[in-house]
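Chains as they are written, first to last, in the numbering used here: chain A, 1 to 102; chain B, 1001 to 1513.
Keep in mind that the hints were calculated from the coordinates and are not lab data.
Taking beta-carbon pairs under 8 Å as the criterion, some of the chain A residues facing chain B (in silico):
{"#": "1", "residue": "H62"}
{"#": "2", "residue": "K66"}
{"#": "3", "residue": "E86"}
{"#": "4", "residue": "L87"}
{"#": "5", "residue": "L89"}
{"#": "6", "residue": "M97"}
Ideal Cβ positions, reconstructed from N, Cα and C, are used throughout, including at glycine.
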Amino acid sequence: METGKPGSREGSLPSNPALTSCSQPPEFLPKNQKLKTNNCLKMRVYVNDEPLELVPGMTVRHALIKAGLFQKIEAGLKAYDEWGNELGLAGALAPDMKIWVK
Amino acid sequence: MKKIISLLISISLAVLLAVAAPAAAAELRILYVNDFHGFAAPYQSVGSQEVLGGAAYLAGEVNKLRKEKPSLLLAAGDMIQGNSWANLSKGKSSIALMNLMHFDAMVVGNHEFDFGQRVLKKRIAQARFPVLGANVQDFKDGLKPFVIKKIQGLKVAIIGVVTPDTPQSTHPRNVAGLKFLPPAVAVEKYLPRLKKQADLIIVLSHCGFQADRKLAGQVPGIGVIVGGHSHTKLLKPAVVGQTIIVQAWEHAKALGVLDLRLADGKITNFSGHLEMIKPVPGREDKAVARLVQRYQARVNKVLGQKIGVAAVDLDGEHVRQRETNLGDFLADIFRKTAGADAAIFNGGGIRTSIPKGEITVKEVYAVLPFDNYLVAIKLTGKQIKEALEHGVSGIEEGAGRFPQVSGLSFTYSRKAPAGSRVKDIRIGGAPLDPKKEYAVATNDFMAAGGDGYQAFGEALKSSRDFANIGGALKGEKLVYNDAGRWLRTLVIDYIREQKEIAPKVDGRIQEKD
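Model the full assembly from the supplied sequences, consistent with the hints where possible.
Here it is in structure tokens:
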């Protein structure tokens, strides 16, 4: 079994801004200095086409609560992603994710 | 002599063919799980009629499927945190389980960081399989960017990547000094050299299905992405470009099975499905069942532990109608932990009382049974008033939204119409300024709009900026967010520290005629 070097940086990685997603946090700034960015510290998702804004780290469950649809899940409906795959309620959200309850 | 030479040539040829054969055509079965979160026992999900899961039954299925083909068993992260079975040993039980099941590799998930880096290093040292994290920089001692496994002559490179959102979903101290690179950058770094060494490249990803699709589109050359994080029940493999993407739902309720046929370093055929894990007696792995029981006995022992003494009865009974000493006590802990000006919690989140006397861990679990965590958001004075008005608007029917508070006081009259009941709000002893912003601690349920609270969501909508406050990255409005520690854990730690508690009702919420 061969493995890469643990914990190594192995030099600087290639800089490719195109690959930096919205969700990638910026480098820490000097204390109390603010950085204007797009809204990366909140998460926008859509539940049944309704846009919702949530705290990062929140899950499908939170999106359904926010949309007022959690009781429908308790009653037996399920949450699906835009490709029709069922989602676990503790599943992580992604920016602009579309969730359907049916 | 001729016979010996002929025999030697035959043996050499046979050996050569055996080595070369997998490169020409080989079979590989990838078994995979993700987002186990310590759910070792079978359970029934919200809204479901079916009991699924159970580590012993999962292991039984793995054993059966492994016998049929050369196999790899992979875990796509979030294995050690979540359920009490894992949490109360800080993930030790999960790694012991994975060792016993002979996992071949796992990638760290964001929740692997929830117990801090020191504990994670212990878990990595405990693991008898490589723990991967190619896009985690500066995590000394343990995380490997990739592993190359050899299975019957086939070389399989496995690169591990975790969501770069990890710093936003755990306490900042858990990821202090670490940098999480975009997964594509890390994969692109290792891919060219691994392609030369391996017949197949697998990315073990804890980034979510949406991100995995994006990664497959951005970086050609990945054979398979075994994913996690979004808890996606991917019944059949998805294909983006030339990359196969799989994910096996959550909590060991399903085992992913992907069968590959490879020839000359290319996947020529594949089929995959999820094997639902049903707790059918007789199908369990006995050794794993014993291990699950052993750690469950430890959980029970911890739940029975005495953590302190309540000098008075703690009232969790009337938390939907009025301020209680238990409501005050909990709200105080949450406000102090978040370093907030005030705390507002739904009384309905407090499920029972604790009688005077010794307090056990189990009693705190009964008071706070939900997996809620602490969030603090900056609200204007006006928004705080709106939140409190909402909180007392359903008092007649004993609605769970009745607030328990800390750092603030107010009066209300139930005779006034809902929406105009609250008066005399004071924060930190001073009258509430409708325009001023205050940091308000709450739970994730209310922050998401649970029990009809809109104020936190409204505040978040207006948040635009990043800020570095005390070395931690925070939003302009979001001032505390620790998804990795349940509220009950904060309370248990606090009681342990105080040893004896005697909270009183100190008149924060007063009903006026």
